[in-house]
Amino acid sequence: MENLTFILKKKTVTIFLVMIAVGVLSLAYGFLGGVEVKRVAANLLLNNYYFLSLGLIGLFFVTVHTIAESGWQTSVQRVGEAMSAYIPVGGGLLLLFFVLGGLHSIYPWTHSDHLDAILLKKVAYLNVPFFYVRLLVFIGVWSLLAHYVRKASVNLDLHGDMKYFNKMRTLSAIFIVTYAVTSVVSSWDWLMSLDPHWFSTLYGWYIFSSMLASGFAMLILVIYVLKRMGYLSHVNDEHMHDLGKYLFGFSIFWAYLWFSQYMLIWYANIPEETIYYLERHKYFTNIFYVNLILNFVIPFFLLMTRKSKRVFTVLVPVSVIVIIGHWVDLYMAIMPGAVGGEASGIGIVEIGLTIGYLGIFGLVTFWSLTKAPLAPKNHPYYKESMDYHTHY
Amino acid sequence: MNKYITAYYDDEEDLLRGLKQIKAKGIEVADVLTPFPVHGLDKALGMSRSKLTRVAFAGGAVGAIIGFGFQAWVFTQAYPLNFGGKPFFAVPSFIPVTFEMAVLFAAFSMVFAFLISNKIGPGAKTVIHDERITDDRFLLVVNVQDEENAHTIEAVLNDAGAHGITLIKKN
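Line order of the protein sequences matches chains A and B.
To convert, count from 1 in the first sequence and add 1; that's our numbering.
To convert, count from 1 in the second sequence and add 1; that's our numbering.
In short, the hints are calculated from the structure, not lab data.
From a predicted model like this one, the values you see are computed outputs, not experimental measurements.
Be aware that a few hints might be false.
[Said to hold, decoys possible] Here are the simulated lysine-lysine pairs, BS3-like style, with alpha carbons at most 30 Å apart:
1) A:K308 with B:K87
2) B:K21 with A:K228
3) B:K52 with A:K246
4) A:K308 with B:K171
5) A:K308 with B:K24
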């Protein structure tokens, strides 16, 4: 009747391995084919950050609903947990990237021998040792919490003991509080410091909103793929409707924060602030507008009606568009600062590396799905999730 | 002349069960008045989904167009002022007002559409069949076409467990 255990087929593994091979090949092309090193490094950063944040949103999804004690998400909880399995992998890859020269090649503030007056004032925060301390703390805390939340969740299903549910709740609360701070500070460290003269107090939440929208889009896509494979038959339209609402709502939230940041800088018109948008608008004019269309206009109008959130024929294309859109958004955040307008573009390196990272992400997520039953039947809210109805 | 039969239930479970029986006998229930929302009642009555969301969209779209259009007209035609060297037709500064106008119009259009379609609101005539429908009673209304039918309807309602069956005639 119901397929509760996910079996990773050889064919699926092969597809992911081919994707990883494409990534490796395009990385080799990047280094050997005369592409600027900066551009390759910036792309590695982009994909490391993007897929790590998708994993983090998987964990965020599980934890935020656990402390809110909501019930409906129980049916899709395993997918969020599986996405969070990427956190240690992605964190390790990010660390590897920084250690192997990524840090020095694209972050101007690491060139400690010729810093200007503004950067000298920021040395207390923006210096290499402290950067690594923060990096290790973020990745360490995230990976540990992801591991223990997952462990508690699997134990809860195995033994059905409320002890594990309470444990999950405590861990979730710890994660939410730490993540509120670390998500913002990590975006300053890894993204905003690419333009070290420029700063925006809204930046952290703007990036976070982008992660949320793309994370929910990825969650929907993974569920869709699993359903196509014949699993997750207990996930019904009501659950997809709620995930669709998240996608719709956070796409609007992203646009709201994007615009809030943009309008204040545009209106105040202070040169050291406007340079950020000037560079982006001047060298990336098309991408600048495409970003807004993909991430706001399309999800806003296509997901507006009730029905569109309940049918995969609309939900899946919009999810794909939003995933591409937030990749573009991150591209806009990274490239102008790290590479500059003339040297960057979208070519083999950009597309190939993204496919490669998607392969790693998919492999880790699907591998994690095999480790526990897809429906957490002993979760205290499982029945509530099954009886759930969305009225509006 | 408008004729209808009212009958009441004391419990929402009985109401839902009774509705099923009444429908099975081929009698159309015009409306049910309840003190609180009853889950599954819309379905049992065979009501379609509310069209209020479409009104909201239309209202929001009109509000956005009016908001944007009015600002564009004021700042380029009627009273152009120079704010900090910005162009007169400065789209980013129009967005917040456009957004607020869309929300305002959507909200108002929904409120008025709701009041009008339900015939409630200030100045509307209300008929209270039973004081207790605001407390713990569920009242159902069946329209009667001709008086011959009334007796069969009353019998069906009685079988379905409804109380206080009354035929009301109004001019």
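Outcome of the hint check:
no., hint, in the structure
1, A:K308 with B:K87, "violated, 43 Å"
2, B:K21 with A:K228, "violated, 35 Å"
3, B:K52 with A:K246, "holds, 19 Å"
4, A:K308 with B:K171, "violated, 41 Å"
5, A:K308 with B:K24, "holds, 28 Å"
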